[in-house]
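Colleague: Using the sequences and the hints, build the whole thing.
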Amino acid sequence: EDQVTQSPEALRLQEGESSSLNCSYTVSGLRGLFWYRQDPGKGPEFLFTLYSAGEEKEKERLKATLTKKESFLHITAPKPEDSATYLCAVQAGGTYKYIFGTGTRLKVLA
Amino acid sequence: EAEVAQSPRYKITEKSQAVAFWCDPISGHATLYWYRQILGQGPELLVQFQDESVVDDSQLPKDRFSAERLKGVDSTLKIQPAELGDSAMYLCASSLRGGGAQGDTQYFGPGTRLTVL
Chain A
25 EDQVTQSPEA
35 LRLQEGESSS
45 LNCSYTVSGL
55 RGLFWYRQDP
65 GKGPEFLFTL
75 YSAGEEKEKE
85 RLKATLTKKE
95 SFLHITAPKP
105 EDSATYLCAV
115 QAGGTYKYIF
125 GTGTRLKVLA
Chain B
-12 EAEVAQSPRY
-2 KITEKSQAVA
8 FWCDPISGHA
18 TLYWYRQILG
28 QGPELLVQFQ
38 DESVVDDSQL
48 PKDRFSAERL
58 KGVDSTLKIQ
68 PAELGDSAMY
78 LCASSLRGGG
88 AQGDTQYFGP
98 GTRLTVL
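Those protein sequence lines, which keep their order, are chains A and B.
Per our numbering, residue 25 is the first one in the first sequence, and the count goes up by one each step.
Per our numbering, residue -12 is the first one in the second sequence, and the count goes up by one each step.
Simulated from the structure, these hints should not be mistaken for laboratory data.
Even for Gly, the Cβ is constructed at its ideal location relative to N, Cα and C.
The reader is advised that the hints may include incorrect statements.
To be verified - Okay, the calculated beta carbon distance ranges per label pair:
(1) B/68 <-> A/39: 44 to 52 angstroms
(2) B/84 <-> A/77: 21 to 29 angstroms
(3) B/3 <-> A/117: 36 to 44 angstroms
(4) B/27 <-> A/96: 16 to 24 angstroms
(5) B/67 <-> A/91: 40 to 48 angstroms
(6) B/-11 <-> A/42: 27 to 35 angstroms
Modeller: Written out as structure tokens, the structure reads:
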């Protein structure tokens, strides 16, 4: 069964304290892995698409990496405005469906 | 920058009433998705359209939910009658290609927060 698991469920960081969020997946034939940021009461905002193991993408303080079993979202020197829920989704090869994780709620304290 | 539009942003209704949500995808996007998101969970697909055709409605509660995309552009999701358990965020997303195209990125609208009393 296709599955996506994100950890931790919640994370509190001090401003400037770098950390990583994890997205583990089990799918038959990965066609894409997507990271989104979601602020309370709003729709998910697209961050990155990763296609194959070894791929990396960066945007400001965020860097996403991909292996054959998991993806990491690294946050370098976070600021309070980085506080949000970060969602991971995978596009499964067998069904072409998109499966979302439950997200990591990040709080960055000033 | 092109965006997915949704309306209304908020809807409060009583159980057994009918509600409708509207979505206008990014221009040129062939595929449109309706998701339901319960607080603290990830979005769950309700229905997927490729142009005007439904390609996946396996998780749509068809006894009370209906969706249409008549001209292959904007779409309406309806609930009749609404139940207490329908309270959630309803999200619309669109993607350029669909059809299982590799890495076909979905872009989401702002969502409609539904509260059923």
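Colleague: Against this structure, judge whether each hint is valid.
Modeller: Status of each hint after checking the structure:
Judged by the Cβ atoms, the range 44 to 52 angstroms given for residue 68 of chain B and residue 39 of chain A holds: they are separated by roughly 48 angstroms. One distance hint, 21 to 29 angstroms for the beta-carbon pair residue 84 of chain B and residue 77 of chain A, holds here, with the actual separation near 23 angstroms. Our hint of 36 to 44 angstroms for residue 3 of chain B and residue 117 of chain A holds, since their Cβ atoms are close to 42 angstroms apart. Range check, residue 27 of chain B to residue 96 of chain A: Cβ separation about 22 angstroms, and the 16 to 24 angstroms hint holds.
Look at residue 67 of chain B against residue 91 of chain A: about 46 angstroms separates their beta carbons, and that is inside 40 to 48 angstroms. Range check, residue -11 of chain B to residue 42 of chain A: about 33 angstroms between beta-carbon atoms, so the 27 to 35 angstroms window is met.
When each numbered hint is compared with the structure, no violation occurs for any of them.
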